[in-house]
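J.: Residue-level listing of the chains:
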Amino acid sequence: MTISIDPKTFLLSKQLPNLSYAPTTHRFDETWEAPLSTLLGLGRAAGADFVEFFLERSNYISCLAEDDQITSIAPKLSTGAGVRVFKGKGDCYVSTNDLSFTGLKAALEKALGIMALHLPAPNSYVPEINLELLRDYATKKGKDSWLGECSPMREMADVLLAANGKMKQTATHIQSRRAAYFRDWQEVLVASSDGTFARDIRLTQSVGYNLLCADGANRSSIGQRVGDTSNPKFLTNWDYTATAEDVAESAGKMLYADYVESGTYPIIMANKFGGVIFHEACGHLLETTQIEKNTTPFAEMKGQKIAHESLTAWDEGLSGNAFGTIDMDDEGMPAQRTLLIEKGILKNFIADRAGSIRTGHPRTGSGRRNGYAYAAASRMRNTYIAPGEHKVEELFSSIDKGIYCKKMGGGSVGATGQFNFSVDEAYLIENGKITKPLKGATLIGEAKEIMNKISMCSEDLGLAAGFCGSVSGSVYVTVGQPHIKVDSITVGGR
Amino acid sequence: MSLNIQTVSNSARQIATKLGITKFDLSGSTVDETSVQVDKGEQKQVKASNRAGITVRVWNQENTVGITSTTNIDDIGLELALKTAYEASFFGIKEHAPDFSPEATAPIAEVKLESGEAATVPQLIESLIAAERKLLDTHEAIESVPYNGLAQRSMSQFYLNSDGAIRSDSHSITSIYLYTKTEQEGKKPRMGGAAELSHSFAKLDIQKCIDEAAEKTISHLNYEKVASGKYTIVFSPDAFLSLLGAFSNLFNAQSILDNQSLSTPESLGTQIASPLLSVADDALHPSNIGIETFDGEGTPTRRIDLISKGTLASFIHSAGTAKRMNAKPTGHANMGSKITVSPHFYHVAGGEQVDDRYNLDTAENVILIDELQALHAGVQSLQGSFSLPFDGWVVNKGVKTSVESATVAGDFRELLNSIVHVEQKEEFTNGGICPRIWVEGLSVTGE
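Top line first, the protein sequences correspond to chains A and B.
Last residue of the first sequence: 494 (my numbering), numbering continuous.
Last residue of the second sequence: 447 (my numbering), numbering continuous.
So that you can see chain A by itself, here it is in the shape it has in the complex:
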């Protein structure tokens, strides 16, 4: 038997200039399959080991109320694409605003050129990539109508002004009140030469307060926000009364706080945003990006004890409306629940595609990026310490003199594992009781050491919305933990 090939079913490179693809411009759908499979085939024919296209359309708006007026409504519309080409363990990423076939082909050609690869010669066959049927999380989960269901500008303004009015009634010694909201709607399409073809819509919203109080030379500033990833009516459901009371109480207490005396203390970190310590001091060091750079002390410690046996920790993209929840990552992989540490033993790393290629650790649906201008990298999603068995009171009663870190500010971790966090609201603990407010505290330590000093975890796991900046830009994440006790840590102060 002989098999004959019908040349009409194969694409020849010389035909490329005459292709007139016309995918829909208002939506990423199946009509994008033909141009993208052709482009992916071109990339493979040029000798790339792997090619990926990431297409993005975003519609962002922020709204700011200062005191009793709206001072900013800022819409931002964006469209763009990135093409990533791998050859061996090296890769190249090229981004563009031009989503026409010609524009995408030019970006691909540039990426290939940088990798010393070239488009197929005239008249050669182009092996179009057989993409999977569009895996459309947006349509499947009813997200297509989300943008239209979100609060219009008038509603944003009304809610924020009402919220600021509530703050005026609630706080004292106010110097300035700010209520801020943003909505980030993003449609993404991923197509890659392994056949991945997936679409999703993300809707991220956040709203919160910043309150500055002053009384003579005394000043305090407290910020607090909440976030959501899948409820178009999130803003109108915001309980600003409760948030205002909480923020006003914190600002009032911190207004007259003394500076913390520097030294080494046992501390209790509150739940929810207290989880930033785990995010910074450990989470980042479990990203394959860090293994690639050899900037994590945990690179060779999978299966070994890296933390106190009371500590179990997760990173996942599946927790309801949490700020780091995603149906798929920015490489088209469905989100997962990844066990990082179980009873002190390191179980898994957080891996994207490039990290997996370069380190051998399996992908975990963690390839994330701020937008089309960035190549995806291994990034956290909802990351938290699992609840323990202790009552919160047991943590306090175990401390004679220490510090309660109720509200954490930001922090960072260096390449040698040293970290630092600012504490926005702190209190002195004396004989198991909270006594007086303290300000100006910074927690300083080394990741490897601190993980073994988290000796008690309470039952009250809480999550909080956060923003994480790293190699692939700022992404939305959740940090979380129950109340935890750290046996000793250096506290910078006066």
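Treat the hints with caution; some may be incorrect.
As the list claims (entries may be wrong) - Examples of chain B residues lying across from chain A (beta carbon under 8 angstroms, computed):
| id | residue |
| --- | --- |
| 1 | S49 |
| 2 | T70 |
| 3 | A118 |
| 4 | V121 |
| 5 | Q123 |
| 6 | M191 |
| 7 | G336 |
| 8 | S337 |
| 9 | S402 |
| 10 | S405 |
Stated by the list, open to error - Have a look at the derived ranges for each label pair, beta carbon to beta carbon:
| id | chain 1 | residue 1 | chain 2 | residue 2 | range |
| --- | --- | --- | --- | --- | --- |
| 11 | A | P362 | B | A97 | 31 to 41 angstroms |
| 12 | A | D29 | B | T264 | 54 to 64 angstroms |
| 13 | B | Q424 | A | P362 | 51 to 61 angstroms |
| 14 | B | I76 | A | S176 | 47 to 57 angstroms |
| 15 | A | N231 | B | R13 | 17 to 27 angstroms |
| 16 | A | R337 | B | K40 | 29 to 39 angstroms |
| 17 | B | G441 | A | T435 | 20 to 30 angstroms |
| 18 | B | G186 | A | P362 | 48 to 58 angstroms |
| 19 | B | E140 | A | H118 | 38 to 48 angstroms |
| 20 | B | D163 | A | S176 | 29 to 39 angstroms |
| 21 | B | Y147 | A | K89 | 17 to 27 angstroms |
| 22 | A | N294 | B | R13 | 50 to 60 angstroms |
| 23 | A | N231 | B | T340 | 25 to 35 angstroms |
| 24 | B | K328 | A | N18 | 54 to 64 angstroms |
Derived from the structure by calculation, the hints contain no laboratory data.
Idealized CB from N, CA, C, for every residue including glycine.
Start from chain A and add chain B according to the hints.
T.: Leaving out everything else, chain B in the frame of chain A:
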């Protein structure tokens, strides 16, 4: 992606007319950039992008303003942006509504903006691999250069408005950074690094970056804990400029009007620092690699004295803040729904006299802070306080010993008044020009 400003201007006028919009302005930019990273002698990642974006402001019949940013710069994108901005305009502030800058058509400074020829990607990769190799060879303890990059970027920006203002400029920047990590038996890993900027690849001093990164790394190999207490601190130019930048609300007129500043309108002319300190913001300084000749409102940039011998001399303004405070725009505005104001390039003047009491070769037990870290976390800019980790050395009669891990804390206003010496020699850094600054009595937390 290139933008023809005249084409954009014509399109914007036609679309605005169609939509019944009579007053608008538009600022935009295009960026073409390439960056490379290497890892142990091999190319790791190359990134390239060619992007454009514009921001439009629209005034409605009630003279309130709306804004929209977009990367869709064809006629369809421009029309959507103008429509959305018009919709947003009805939520614009009525009191102190923004207007065109009165200086949007004033002549801009005649500065020769350098734009060097771009290097090829292979040139960038080969140069960075060679730099990595040289740095690794400087000391056996340097195990890797985990953070490295060589990038080149060419940028063009423009501003135009419906009153006929139209201006543009462009420049290019090439940069390299090298940060090492050390491994030594029985010692903690240490880091050191440096960065260099230039207008072009040809003029980029890669060897200087290598030498500086090596010198810093080696100087941190032998480290000791420092006892907690009060110290005389010597801030490097980089460290002082980063702290000054973190508390720039002191000079920022918009922050002052928003009650988000350590200053008030009445602070002007008051003594806020030691008479030894004089600071200017000089957007057009020849050493500023990223010179921009006009701001986001089209106002020409210029040199502004901020602190003159300890006295708060002037604020930095947008057109709106200048109008409200009866001053002139200073060319510091950033286009936005709410116009923000930010500095360009600090110039801290060198001291007038040498003082033998403040000499690192003879001083005892002072701390030289090379670099402050985590400013985003450790600065409470509205309270005036800071508590920051740092890289530095204890210096005793010229002998430098690296500090293992410590933070410095204080109040910035107190710090400004506790400056006891400003060295004569001004040093050029990537963030400005500054000499070393000596400050007494700051708290350091170490051991």
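J.: Run every hint past the structure and note whether it holds.
T.: Now the hints, each set against the structure:
Restraint check, S49(B) versus chain A: the minimum CB separation of about 4 angstroms is within 8 angstroms; hint holds. Taking 8 angstroms as the C-beta contact cut-off toward chain A, the hint placing T70(B) at the interface holds, the least distance being around 4 angstroms. Here the hint on A118(B) is broken, as its CB sits about 13 angstroms from the closest CB of chain A, past 8 angstroms. With its C-beta approaching chain A no nearer than about 5 angstroms, V121(B) sits inside the 8 angstroms limit, and its interface hint holds.
Annotation: Q123(B) was flagged as interfacial toward chain A, and the flag is violated, the nearest CB pair being 12 angstroms apart, outside 8 angstroms. Residue-level restraint check for M191(B) holds (minimum Cβ-Cβ distance to chain A is 5 angstroms; threshold 8 angstroms). Evaluation of the G336(B) hint against chain A yields a held restraint, the C-beta minimum of about 6 angstroms falling below 8 angstroms. The criterion of a C-beta within 8 angstroms of any C-beta in chain A is met by S337(B), whose closest approach is roughly 4 angstroms, and the hint holds.
Evaluation of the S402(B) hint against chain A yields a violated restraint, the C-beta minimum of about 13 angstroms exceeding 8 angstroms. With a least beta-carbon distance of about 6 angstroms to chain A, the hint placing S405(B) at the interface is held under the 8 angstroms criterion. Between P362(A) and A97(B) the C-beta distance comes to about 56 angstroms, which lies outside the given range of 31 to 41 angstroms. Restraint check, D29(A) to T264(B): a C-beta distance of roughly 56 angstroms satisfies the suggested window 54 to 64 angstroms.
Against the hinted window of 51 to 61 angstroms, the Cβ-Cβ separation of Q424(B) and P362(A) comes to about 59 angstroms, which satisfies the hint. The given range of 47 to 57 angstroms is broken by I76(B) and S176(A), whose C-beta atoms sit roughly 40 angstroms from each other. The beta-carbon spacing between N231(A) and R13(B), approximately 41 angstroms, falls outside the hinted interval of 17 to 27 angstroms. Our hint of 29 to 39 angstroms for R337(A) and K40(B) holds, since their Cβ atoms are close to 34 angstroms apart.
Between G441(B) and T435(A) the beta carbon distance is about 28 angstroms. The supplied range of 20 to 30 angstroms therefore holds. Distance hint check for G186(B) and P362(A): the Cβ-Cβ separation is about 35 angstroms, which falls outside the suggested range of 48 to 58 angstroms. Checking the proposed 38 to 48 angstroms range against E140(B) and H118(A) shows it holds: the Cβ atoms sit about 42 angstroms from each other. For D163(B) and S176(A), the hinted distance range of 29 to 39 angstroms is satisfied, since their beta carbons lie about 34 angstroms from each other.
At about 18 angstroms, the CB distance of Y147(B) to K89(A) agrees with the hint of 17 to 27 angstroms. The hinted window of 50 to 60 angstroms between N294(A) and R13(B) holds, with their beta carbons roughly 56 angstroms apart. The hinted window of 25 to 35 angstroms between N231(A) and T340(B) holds, with their beta carbons roughly 31 angstroms apart. Checked against the hint of 54 to 64 angstroms, the C-beta distance between K328(B) and N18(A) comes to roughly 59 angstroms, which is consistent with it.
Of the numbered hints listed earlier, those contradicted by the structure are 3, 5, 9, 11, 14, 15 and 18.
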